[in-house]
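Colleague: As a plain string of letters, each chain reads:
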Amino acid sequence: MSCEQFELLGLDMDRPDAQPEEAVSAREHAASCERCFALLQSWRELQQDLRLLQENTRFLSAPARVEMRLKQELRTRREARVPRSTVAMAPWALAAAGALAVAVGWMHWRDGSPSRIVNKAAVSNSSRSGTIAPDSPMLLAADSDSGAFTRLPASMPSPYENREILQVRMQRGALGRFGLPVAQDRAAEWVQVDFLVGEDGVPQAVRLHDDSQLDSTLQ
Amino acid sequence: MKILDEKEPALLKRAVRGDEGAFLVLYQKHQASLYRYALRMTGSPWAAEEVVQEVFLLIIREPQKFQPDRGALGAFLFGVTRNRVMKHLERLPREDSLDAINAHGTTWREPEDPLTPMMIAEKSERIEQVREAVLGLPTEFREAVVLCELEEMSYEEAAQACGCPVGTIRSRLHRGRALLLAKLELLRDAPRRASAGAK
Chain A
2 MSCEQFELLG LDMDRPDAQP EEAVSAREHA ASCERCFALL QSWRELQQDL
52 RLLQENTRFL SAPARVEMRL KQELRTRREA RVPRSTVAMA PWALAAAGAL
102 AVAVGWMHWR DGSPSRIVNK AAVSNSSRSG TIAPDSPMLL AADSDSGAFT
152 RLPASMPSPY ENREILQVRM QRGALGRFGL PVAQDRAAEW VQVDFLVGED
202 GVPQAVRLHD DSQLDSTLQ
Chain B
3 MKILDEKEPA LLKRAVRGDE GAFLVLYQKH QASLYRYALR MTGSPWAAEE
53 VVQEVFLLII REPQKFQPDR GALGAFLFGV TRNRVMKHLE RLPREDSLDA
103 INAHGTTWRE PEDPLTPMMI AEKSERIEQV REAVLGLPTE FREAVVLCEL
153 EEMSYEEAAQ ACGCPVGTIR SRLHRGRALL LAKLELLRDA PRRASAGAK
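Just so you know, the sequences run in chain order A and B. Read in order, the letters of the first sequence are residues 2 to 220 in my numbering. Read in order, the letters of the second sequence are residues 3 to 201 in my numbering.
Simulated from the structure, these hints should not be mistaken for lab results. Since this is a predicted model, take the numbers as computed values, not measurements. Each hint should be verified, as a subset may be incorrect.
Stated by the list, open to error - Distance condition first, Cα-Cα at most 25 Å in a straight line; then the derived BS3-like pairs of lysine-lysine:
#	chain 1	residue 1	chain 2	residue 2
1	B	K67	B	K9
2	B	K31	B	K15
3	A	K72	B	K31
4	B	K31	B	K67
5	B	K15	B	K67
6	B	K31	B	K9
7	B	K67	B	K89
8	B	K15	A	K72
9	B	K125	B	K185
10	B	K9	A	K72
11	A	K72	B	K67
Taking the hints into account, I'd like the entire structure generated from these sequences.
Modeller: Written out as structure tokens, the structure is:
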């Protein structure tokens, strides 16, 4: 190994990743060359100083405030993420609500548009009771509308919260099956009727929409 | 499975979703080496602190920048740290020396030393001289010295960290050593020459 080569490679002889052949020939050269030996000695002194510096800074780490700031950033982002995900869900919720509205609208359209409901009921009592014809068009309209109904003959009163309202379009003559008197000459007319149905599924009360003219029916 | 046994990409995913525990595992694993590198390169505890904070903020805010198929998280974090350090060195002159570490409130503590006060003073002076000499090196030579001598990386690891061939690292280290030797000789001979002149 020449002095030039020693300057380039010789100082690496103590490194763990040094080439073994290079290290051997560097040692041999340093043993035979005073100048390169002096250079090696100077380098070893410097290496010791570098070790001192390394030891002196070995356990340094970022101050605790950095960790605190980063944790704060994580928390802020986590909190900010909650409303964002709600916003992200909104279009889906709107779409679902829209689809539901269209479906309900279509069902209403198919069954005929319901007219305004009025509390106009003066039903005379009768001793007969009956059930809704299975092929009658029905719609579950609400479960909490308990506005003035007329109790059907022979029905048992029960708490209102357990009952549901069924909107039914039916021929006026069918009301006779619930014990209501019907004028025979108008029995073929179609009317919109709300039934108040109990937990047992039996209608308990009835109300007719204003255009259905319950009064005239019950003549 | 314990959190410490989880792989880093999985931990990172959890951390980004707001899992503080997962984030802390990653932070504690990498922060010290990144901080030391930044501190040894910049000589400024403030700059090192800022660099480490920026690196971890980046991984929180833009985790998609780390791609596990392109390398380990540690290598990615080191690359980002290195870029930030280089930007800092381009932008600003060296701000203050490492003396100020305690004043800046870092976690550094004087190691317990059984030496006499005289020996401690001498040792501190030597450390200070070599620290000044390292910080006075041109950036690329300083980096080679920091990585290969202070961080004890192999040539290959250092070359990978710097994104250059092994030969370049060896050459930079060779130049860095030569400059360090010359600087320290100057620093240490100056008082000797002064005292010789006074006699």
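Colleague: Quickly compare the C-alpha distance for B:K31 and B:K9 to 25 Å and report which way the hint goes.
Modeller: holds (12 Å)
Colleague: Is B:K67 close enough to B:K9, meaning Cα to Cα at most 25 Å?
Modeller: Holds - the C-alpha atoms of B:K9 and B:K67 are around 17 Å apart, at most 25 Å.
Colleague: Does B:K67 pair with B:K89 here, judged by a C-alpha cut-off of 25 Å?
Modeller: holds (19 Å)
Colleague: Does B:K185 sit within 25 Å of B:K125, going by the straight-line distance between their CA atoms?
Modeller: Given pair B:K125, B:K185 holds - Cα atoms ~18 Å apart, limit 25 Å.
Colleague: Between A:K72 and B:K67, does the CA-CA distance stay at or below 25 Å?
Modeller: Judged against 25 Å, a Cα distance of about 20 Å means the pair holds.
Colleague: Decide if the proposed pair is consistent with the structure: B:K31 and B:K15, CA atoms, cutoff 25 Å inclusive.
Modeller: holds (16 Å)
Colleague: Going straight from one Cα to the other, do B:K31 and B:K67 come out at no more than 25 Å?
Modeller: holds (19 Å)
Colleague: Would the hint linking B:K15 and A:K72 be met if the CA-CA limit is 25 Å?
Modeller: holds (15 Å)
Colleague: Check the hint pairing B:K15 with B:K67 against an upper bound of 25 Å on the C-alpha distance.
Modeller: holds (12 Å)
Colleague: Is A:K72 close enough to B:K31, meaning Cα to Cα at most 25 Å?
Modeller: The given pair, whose Cα atoms are some 15 Å apart, holds under the 25 Å limit.
Colleague: Taking only the CA atoms, is the gap from B:K9 to A:K72 under or equal to 25 Å?
Modeller: Holds, because 21 Å separates the two Cα atoms, which is no more than 25 Å.
In terms of the numbered hints stated before, the structure departs from none.
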